[in-house]
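J.: The lines below spell out each chain.
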Amino acid sequence: MSAVLQNLVNQPYKHGFVTEIESDIAPKGLNEDIIRLISTKKNEPAWLLDFRLKAYEQWLKMEEPKWPNVKYPKIDFQAISYYSAPKPKKKLNSMDEVDPELLRTFEKLGVPMHERAALAGVAVDVIFDSVSVATTYKQKLAEVGIIFCSISEAVQMYPELVKQYLGTVVPVGDNYYAALNSAVFTDGTFCFIPKGVKCPMDLSTYFRINTEESGQFERTLIIGEEGSSVSYLEGCTAPKFDTNQLHAAVVELVALDNADIKYSTVQNWYAGDENGLGGIYNFVTKRGLAKGVNSRISWTQVETGSAITWKYPSCILQGENSVGEFYSVAVTNHYQQADTGTKMIHIGKNTRSTIVSKGISAGHSNNSYRGLVRIAPTAAGARNYSQCDSMLIGDKCGAHTFPYIQVRNQQAKVEHEASTSKIGEDQLFYFAQRGIGNEEAVSMIINGFCKDVFQQLPMEFAVEATKLLEFKLEGSVG
Amino acid sequence: MIHQDSKVLLEIRGLRATVNGIEILKGIDLTVRSGEVHAIMGTNGSGKSTLAKVLAGHNAYQVTGGSITFEGHNLFDLEPEERARAGLFLAFQYPIEIPGVSNSHFLRLAYNTVQAQHGKDELDPLEFEDFVREKMKLLDMNPDFLDRGVNEGFSGGEKKRNEILQMALLEPRLAILDETDSGLDIDALRIVTNGVNKLATKDNAIVLVTHYQRMLNYIVPDFVHVMQAGRIIKTGGKELALDLETRGYDWVGAEHRAAVEAEAEA
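Those protein sequences? They're chains A and B, same order as listed. Residues 16 to 493 (the numbering used here) are what the first sequence spells out, left to right. Residues 7 to 272 (the numbering used here) are what the second sequence spells out, left to right.
Everything labelled a hint here was simulated from the structure, so no lab data went into it. Idealized CB from N, CA, C, for every residue including glycine. One or more of the hints may lead you astray.
In silico lysine-lysine, DSS-like type, Cα no more than 30 Å apart, as pairs [stated by the list, open to error]:
1. A/Lys210 with A/Lys364
2. B/Lys165 with A/Lys466
3. A/Lys482 with B/Lys126
4. A/Lys428 with A/Lys411
5. A/Lys178 with A/Lys210
6. B/Lys165 with A/Lys437
7. B/Lys141 with B/Lys165
8. A/Lys210 with A/Lys358
9. A/Lys466 with A/Lys428
10. A/Lys466 with B/Lys204
11. A/Lys482 with A/Lys358
12. A/Lys43 with A/Lys86
These stretches of chain B come out as covered by chain A in the derived footprint (C-beta under 8 Å, 3 or more residues) [unchecked claim]:
13. 47-56
14. 63-69
15. 107-116
The following block holds chain A by itself, in its conformation from the complex (with noise of 0.2 Å):
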């Protein structure tokens, strides 16, 4: 790879900094005295903790899985700490009640926790390491019935509604990190978005690890009820380590009759330095059931940080007439390693689903698409589409695709498209040659490939995505 090429792709990490903040950190190791004292803290009903230690005894007797296309040194789960708080937890009445010291770590992230900020028309949800430390305009929400908090604060205070639908999308025991996440679980989101309700801002959560030796382990649940429609917007960044951190998130969704569930992430964890030293492992199970007729549950995700990302945002179509969307953009450098894609499940009749993923791998970075289309005997009438393209920066990284589709009735339709490009220096030239420089080309082009994407996206994070890609990919030219 050229020189000019080389520059272009390397770029520092912008977020890596630690907040000095008093924790509340739980001692290291996973027992059952462990959940139990999560369980304490967090003051949980019963059934919670139930919950917990059924997905325990189950996590116990599960193995890592071993078919990603990633590599790394076996994770020693007796070595991560499972909760980690700032102090003190106390309860706060309004934002200005928030420690100075988190706000200007938002602040400093770009994340307005004060509901005049910024982001106008977004709610915020911001977790820092195990807990939710703010929630904004839930207030204004409430007045039209939605419910946005915290996961920990739905449990308190809507147990009946957590207790129905927590575990129904993704079970206690689905996968070995749904199944760890399931146990330890400390905070997250819960959105409710009641029946006829179109929520009348975008959602969002905003996840922050700060602590070196502690995971996360979030859980996110949004219902929408019959008739109702959200979109929801996620975000994520960490400071920089030489150790690697554990984040192994579970994110259900379920939509009813007519429902509409849009969930878009921003993914920017701490990816690792240019020799593939500490980074997050992003490993996580988000699955929505588009369980009436006619709902519809779209994923869009633009995936650039964490040194491992293992995730497969799914749709379980169930409803007839349903629909399931999976938008995907990832982005690998230095010595990342993605293993990203889809489900789609295809259960009732007429469910159509589309699948446009967009692998840009770069330095010694592999990326592999894996996705699962799956007709089930009962679908007749599905269709499916799906298109991944991959694009390489250089020549020394990789791209993959693992399709897997399973047609298990005669009247379904499934397309598959494939395509790899390059980078080359004779694109950057013809750009050259006509008074455009290489940063600016890189740039066109990455999101010319990215467009279809991009476009899926709401406004704001699709201007933050757009200027993410540039940040990790080009910049200092020398």
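Fit chain B to the supplied structure of chain A, relying on the hints for placement.
T.: Same frame as chain A, but now just chain B:
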């Protein structure tokens, strides 16, 4: 056309260049003045396209000797994008496809970059749309072509028209057309060459790199240069191209060898 108060735009002296360590250009001398049209002809592998790419600054080619001045500046001091902004334009033999980047976005960025260089106003997307549509008429191009990806899925002829459209937008001082005629049917050739002729003024110059005489029926050169094995071995007027068309290239080579031998004996 050759005229009295023309200025030297390009001066190449003793230019040598290699690719992957193999010498392709072995001492090129060429002077191009404003208002002139030069045709560089020769067989495959004679170094014509290499000369075009070295002028534009492609980094696969290493210059190993000689000098090039462009409007009085040492061309080697300029990066490829600086050469473009200074008014040196290359119409590519094989224009590059850039999927997903809309042609109109690309054309506007190129146009505004050059405008900014000259301290002129940049155009917003709406203004540019009107401006570029006017220019497209010159090349008989369908406006829906603005919304497509740059050269993405274009036919050979469409790609070449897109190159000349860029020339029309950027109004270069020196335009090098590298085998612009290849892959064009006779109608497209007429449209493209007609477009080029309309862009020729007394202040700019055109260098046509071509294999065949047929383009020179439409764009009439003031000078025809024959390249062989990395050198210009013969220079003449437009009639030289007709000679080449009827007699082929071999006789020029033979004549050149004889001249070299005669010189050696004397």
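J.: Mind checking the alpha carbons of A/Lys178 and A/Lys210 for me, to see if they're no more than 30 Å apart?
T.: OK: A/Lys178 and A/Lys210 at ~19 Å, within 30 Å.
J.: Within a Cα-Cα threshold of 30 Å, do A/Lys466 and A/Lys428 meet the stated pairing?
T.: holds (26 Å)
J.: The region 107-116 of chain B covered by chain A? Criterion: 3 or more residues, Cβ-Cβ distance below 8 Å.
T.: holds (count 6)
J.: Holds or violated: the region 47-56 of chain B covered by chain A, criterion of 3 or more residues with Cβ-Cβ distance under 8 Å?
T.: Violated, because only 0 residues of the region 47-56 of chain B bring their Cβ atoms closer than 8 Å to Cβ atoms of chain A.
J.: Check whether the Cα positions of B/Lys165 and A/Lys437 lie no farther apart than 30 Å.
T.: holds (20 Å)
J.: Could you grab the alpha-carbon distance between A/Lys482 and A/Lys358 and see if it respects the 30 Å cut-off?
T.: OK: A/Lys482 and A/Lys358 at ~29 Å, within 30 Å.
J.: Compare the distance between the alpha carbons of B/Lys141 and B/Lys165 with 30 Å, and conclude whether the hinted pair is satisfied.
T.: holds (16 Å)
J.: Hint check: A/Lys210 vs A/Lys364, CA-CA at most 30 Å. Holds or violated?
T.: Holds, because 24 Å separates the two Cα atoms, which is no more than 30 Å.
J.: Need the status of pair A/Lys466, B/Lys204: alpha-carbon distance at most 30 Å?
T.: Violated. A/Lys466 to B/Lys204 sits at ~37 Å, over the 30 Å cutoff.
J.: Under the criterion that the straight-line Cα-Cα distance not exceed 30 Å, is the pair A/Lys43, A/Lys86 satisfied?
T.: holds (25 Å)
J.: Just to be careful, I want the Cα atoms of A/Lys482 and B/Lys126 compared with a cutoff of 30 Å; is the pair within it?
T.: Holds, at about 28 Å.
J.: Counting residues of the region 63-69 of chain B whose CB is closer than 8 Å to a CB in chain A, do you get three or more?
T.: Satisfied; 4 residues make the cut.
Consistency with the previously given hints fails for numbers 4, 10, 13, ordered from lowest to highest.
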